[in-house]
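Protein chains in written order, with the numbering used here: chain A, 1 to 297; chain B, 298 to 655; chain C, 656 to 1076.
Hints listed in this document are in silico derivations from the structure and should not be mistaken for laboratory results. Ideal placement from N, C-alpha and C gives every residue a C-beta, glycine not left out. Among the hints, a few may not be true.
Quick look at which bits of chain B chain A covers, simulated, 3 or more residues with Cβ under 8 Å [stated by the list, open to error]:
#1 340-349
#2 413-423
#3 464-476
#4 541-549
#5 606-615
#6 646-655
So the chains spell out like this:
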Amino acid sequence: MSGILIGQSAINVLLLSGVLTIAALGFSIVWGVMNIINLVHGAAIMLGAYVTFIAFTFAGIDPFLTIPISMVLLFGLGYLIQRNIINYVMRAPMLTTFLLTFGLEIIIINLAQFFFKSDLRAITTGYSGSSLTLYADPAANSSIEVPYIKLGALIVALLLTLLTHLLMSRTRLGRAIRSTGMDKDAAQLTGARISTIYALTFAISAGLAGAAGSLIAMTQSFQPGFGGTYTLYAFVIVVLGGLGSVPAVFLGALAFSLITVLTGLWQPGLTQAAAFALLVIMLVVRPSGIAGKAFYQ
Amino acid sequence: MREALRQNRNVVIVGLIGLGIFALLPLFGLSGFAYRTLTSMFLLIVTAQGWNLIGGYTGYAAFGNVAFFGLGAYATGILMYRHGWSFLPTILVGGLVAAGYAALIGLPVLRLRGHYFAIATLGVAEATREIVAWWTPVTDGAAGISLPFLKPITLAQNFFYYLALGMVIFGAFLTWFIIRRKLGYSWIAIRADEDAAKMLGINTTVSKVIAYALTAFLVGIAGSVYAYYNSFIAPEEVFKIDRTLQAILAVVLGGAGTIAGPIAGGVLFQLVSTFLIFSKPFGIDLGQFHVTIMGIFIVLVIIFTPRGVIDLVTRSAREARRVHADQAGGRRSTWTFLKDGARATRLILAQNRQQFKI
Amino acid sequence: MSRHLLRSVSIGVILALLIVACQPAAAPSGNQPSGQASDCKITFGAAVSLTGKTAKEGGYVKDGYELYKDEINKAGGFKVGDKQCLIDIKYYDDASDPDTSAQLTEKLVTEDKVDLLLGPYGTNPTFSASAVAEKYEIPMIEGGGAGVKIFDRGYKYIFGTLPAAPFYLRSVIDAVLAKDSSVKTVAILVENDGFSQEVATGAEEYAKEKGLEVVYKEQYPSNTQDVSSLITAVKAKNPDMILGAGHAADAILIMKGLKDQKVNAKAYAFSVGPTSPDFRKTLEKDADFVLGIGPWTEAMKFQGTDVFGTPQKFADMMRAKYGEENYKTVPYQAASAAAALLAYQKAIEAAGSTDPKAVREQLAQLDLQSFYGTIKFSPEGIIVKPMGVVQLNPDGKLYTVYPADAANGEFLYPAKAWDQR
């Protein structure tokens, strides 16, 4: 492998891991705190992408500025969904919650298909596709490129990850969420309103999914069914990194990106197989992941 | 055994009547569409019965059972298409290949519990699909395999119909046979408390691997029959995660960890999904909303009857009988019994809704 | 008493369920064209995807069928013997799922008793549905599945109006070589599905035959969300021509990736994508110079005696019926669907009846000039038809650039490098 190939691949890994961290972060929090495998997550990402699309296309708002809009809208939707539906199964076995979120995902995707049609959408701004050339070798017609939009997405993703980390570790709400995740009955004794905390947790997760959707909308085309793949990625990332902390999600996303990029260079037909094989091995050898803890921190 | 029969008398009677009806139905003439709908329903029931062993009785929420379906289908596909085998022996091979694969991956994966087991099995299924799609020299890759079909039509229809119905009976019998034996008790003990079961001297690893292999066998033979029945298989179709989810839904709908559950749930699931595509209730064309309504149906079922419809019906009936027996002679009519039953059902539904709430 | 009751209730419930399951659903509710005198009616059945992952393309197919139905009924319908027959089409939504597709086709044949079948969209649903058609020996003409394996099975009742997948990218290679014989290297990116693999293998073989070197050919998983490492690998090979065999979403993703990493080739072409209106809408200026292929474009110069006559007329009628904004460019899926009904019309009129066997015989020997070009099926049942090459021109329009006799625009070659645009 030439130096340029290695350099570009390293950039690819880094850029990919930023967006994937945001895509998996909310999923990890809901799993860690509420013990729910939330299949609605991919649908929330999809809705975030459409919020950005609509705000950009019809109101001309710069896609990066639409991120707060989709976060707020999805936050609200997440709160409502938890309050009115998921709250009924909070004490149920895992299978029940899994199937419930599966049903919800079907509903949201099909309604989206009705409203938005299954046209492929994308956001193309003036700066889409322009990139920063880090190193160029004109003789060999090769170079190392960092696309601005993906760089921007990486920065936003890292910023949001940091904010989420601070929210979870430094604020009262974060502490309440964490203690609920550790032991909901004990948390109740301390006076926390568990149902509100669950609803807020779910809402934060959906808000993060919305941000992920906005970022993804800038880098690829999408239609209502696209989120499911990201739910699957989130699974793998959370398992690789380990449940229980924000930095673990970042590590997991980094590991996942590394595998997909490396397999992508060598045998792209097997990228997902490689990721899942690693997932199974990881589960068996080290179920707590690279940096997992017993509960959310 | 006699004791067992007495306890479940109603269920057994309903089951036998249902079996009789399904066995005789073709004699009264079925359309090709009815044949296909019912045959697909039987195959769905068999995959549900398979899941019920590991998920319902043993309590391990497996989400990758479609891998066994796909392997069964590909065993039949490859043997018939490349090696010229006749169909029936390939069913057995399909089941055994799936069971062997389950035992192999079960050894490491069954050490995991809860969510982790669920995700690991899902991962195995996805990886299996991708490998089958990639391994072109053996599987013909993503392009899939086409098989000839059985002729004439009426022979084929009845052959697959009764074959699939026979598999349902086999699945029910297998379940019934095992759960009255030591192996079955060990599964239920594992579901209740695996560490305690281990302490009681149960070799939980062996029990779980057997459960998983038997699950895979049932799902694998369903896949084998599907391959020949549909005459075309491709990785993205036979390894589709929806197949696992449909089977799980069927079990949950009917009642997990019971013999009748997968059957009742499979019948109900197939009826609802078929009904939604065609029916125009009150003249309203559901059109493209049929999938959305299916989603709403799933959500409602999960919230209101997490233990399945059989549980709902028997509990309502028991409650109605109790109320009924208390009443003075004059009011005891079929009508009041049904009314009491309906009231009991409403009450149970309301209780169910609150049951897991925070 | 109560036990008896429970028993009878249970039996009742089961019986009721069975009756619901097996009863033919409500009578077909197709729109009866009114105000036309006609002696008879011919009903076609079609299970197309109106929801699910190919809802979009399924919609094009349905629109194509519907336009043809309306126009031919306005013109008095099919002439069968000495009768004039209006046509009707019964649709179901297969939700892009092959199992459902087979189930619905079975219903169309055995319960709705349609006369003849039209195909679904997508290679996998077509596999399942055509097996049902063959089983009942009822012809099915499909304009939405091009996998060669569909036609490799020795079936006699399945006909396709899309050229076989291996031919898809060949005309692109011809077009480029005609313009520049110094082209040496090709990279091929392939989605991991049956149809795309056939396309890619066909292109690879043809490229080698023409003396080109295939420097890169790799599969990527369906539903992929990131192709950056494939692009990096392609860039390292520095190919003259980049070919993509996949679906529209992948084609868009690949184009974005190529621009991101400034990969400059002399020509970019995709089997599916460029002809779809979404491609230009999503990529905007970045879609410039990209080549696509189609068995039919509105610029092609075909002439027929059918209700449309020319490709241009068909396209105009599509826009008139479904709106200018929905069909800025009319995708070939709509035309190939309409062509399926046209093939039926000629076969039925020649056979003088809708008898499946007689219609099948006529379809096999059909040789017809139409708005869709020559409609003639190979012994396997697939249409024999060259592919046209189209290019997205920087002026925002889509021009047919190859073959020369159908071209209505200049083939801009080589594509401009990314930093010179």
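Structure-based check of all given hints:
no., hint, result
1, 340-349, "violated (count 0)"
2, 413-423, "holds (count 8)"
3, 464-476, "violated (count 0)"
4, 541-549, "holds (count 4)"
5, 606-615, "violated (count 0)"
6, 646-655, "holds (count 6)"
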